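Novice: Sequence:
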Amino acid sequence: MQSPPAAPSPPSGPAALAGADSPGRGDLFGHPRGLAVLFGTEMWERFSYYGMRALLVLYMVKHLSDPERAEAVLGYAALRGALETLTGPLGAQPFASHVYGLYTGLVYLTPLFGGLLADRLLGQRRTVVLGAVLMAIGHFMMAFETLLFPALATLILGNGAFKPNIVTQVGGLYADGDARRDRAYSIFYVGINIGAFLAPLVCGSLGERVGWHWGFGAAGVGMLIGLATYLAGRPALPRDALAGAPARRDTTALAREERSAILAVLLLCVPVTLFWATYEQEGNTIALWADDHTDRTVSLFGFSAEIPTTWFQAVNPFLIFAFTPLVVELWAWQSRRGREPSTLTKMALGCLGVALANLIMAAAAMGVGKASWLWLLGYFVVLTLGELYLSPIGLSLVSKVAPARHVSLLMGVWLGTSFTGNLLAGVLGSLWSGMDKAAFFLMIAAVAAAAAAMIAAFRKPLHRRLDPPRPEDRPPAATP
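Residues 4 to 483 in my numbering are what the sequence shown lists, from first letter to last.
Think of the hints as simulated: they come from the structure by calculation, not from any bench. For clarity, every value in this text was computed on a predicted model and none was experimentally measured. It is possible that some hints are incorrect.
Straight-line C-alpha distance at most 27 angstroms; calculated DSSO-like pairs for lysine-lysine [stated by the list, open to error]:
1) Lys65 - Lys440
2) Lys440 - Lys373
3) Lys65 - Lys463
Pairwise CB distance ranges, derived in the manner of DEER restraints [claimed, not checked]:
4) Ala75 - Ala325: 39 to 47 angstroms
5) Leu380 - Met438: 21 to 29 angstroms
6) Ser68 - Val213: 48 to 56 angstroms
Glycine residues also receive a C-beta, built at the ideal position from the N, C-alpha and C atoms.
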C-alpha cells in the first residue's frame, strides 16, 4: 500500500478518481455513509443470489429429473446434448452439477466485461443499476419452469455488470493510505453474508415446503429491494471515475511497479481458482450429502424435528458474521505484537482451512449409516474460517494494488477466478454419484491443500509486490 500523501497533495489512486470521503466528513460509525448504502445493496443482492443457488441443484435433481418436465424447459435438450458430447451420457445429478458449475462460473466471468464496460463507457453507478435490473428480471423469470435457462443467462449478464463495480466502489470511499479500507471490506463482507444467511431460510423454505417457484420469486423481490437501496443512497456514493471527463481516457503506459503488481495478482489467480473449486462444493455436493446422507433430526426437550436441507446453506454465512469480529480482533492483537500474518500467508491458511474441512467430511463418510448433522456443522466452522482468511483479503488486496484507471477491470479479472473455479467445481462434483464418498472428500481436500502449497511457494517472490511494508511498520531511522 502506498503511504498517505502529504497534506497539501490530493489523494491519488482509485479514491482520487472516485471522490472518496475524507475521514470524518459525513462519517457513520467511523466510516463514510456510502459504506452503509453499499452494505445494504450487496446484502439484498446476495440474498437473491444465494436464495436461488440454494434451490438450483435440488430443483434440477428432484423436479426436472422427470422427463416430461425437462422437455418443457427451453434449451434443456440442446444443453444436455452439448455437455454429453464432451462427457458421455449424464444422469440427473452429474448434469445438474455441470449446470451448477456453468452458472456459478459464468456469474464470475462476466464481471470482467462488466468492469470494462464501467471503466470505458458507462461508469460504475450506471453499470450497477443496469446489472441490478437484469438480475431482478432474471429471478422473476426463474418462477416460470420453461424459462430456466434464459433466466440463468439473464442473471449471469446482470451479475457481471453489478459485481465488480459495487465492490470497487467500497475502495473508492477511502483515500490512499486510509487504514479503514481493510476494515471496510470486512464490514462489507458481513453484509454479503447476512443476505446469504437469510436466503436459504426464506427462499429455501418457500422452495422446499411451498413450491420451487415461490422460492425463486422471493429471490427476485430481494433484488428489487437491493436496487431501491442503491438508488436511494446514490448521493452518499463515490463519484465515477468517468465523472467530469467521459470522453477522456488515461493512455499513459503502466509504471513498472504497476505492471509488477498486476502480474503478481494474475499468478495468484491460479491457486485461488483451486480454492473456489473446492469451496463451491458447499452449494453442490454438500447439499446432496445433507439431503441423502445426513441424519437431520434434532431432538430437544422431548420434541423432534428434521432440519430442512436448504437450511444448511445458511450455516456458513451465519458463521461469517459471527466469526468476523473475532478474526479481525485476532489480527489486531497479532499486529500489536508484530506477528500478524502477511496477506499471502493469510490466503494460504484459507486454502488449508478448506482442506481440513473436507477431511472432516471424509471422516464422516467413513461411518456406517447416515452421519450426524454435527459433522456438517464442524465442516462449516472450519470452512468459514478458511474463507475469512482468503476471500475478503483478496478483494482488499486488488483494490489496493490495482492501477486506478484499471481498478474495475482488474477486480473483474480477480472475480474471474471464481469462473474457472466454479467450472472446475462442476466437473469435480459430477464425480459425486460414481465415487465412494470418503474418497471424494479426500480428493477435494487434496486439491485445496495443493492451492495452499502454491500460495506458500509464491509468498517470498510476491510478498514485496503485493504486501510491501507500511511506513509505520518500518524501523525508525537511526539518529546520529
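Novice: Going through the earlier hints one by one, which of them does the structure break, listed in rising order?
Specialist: 3 and 6
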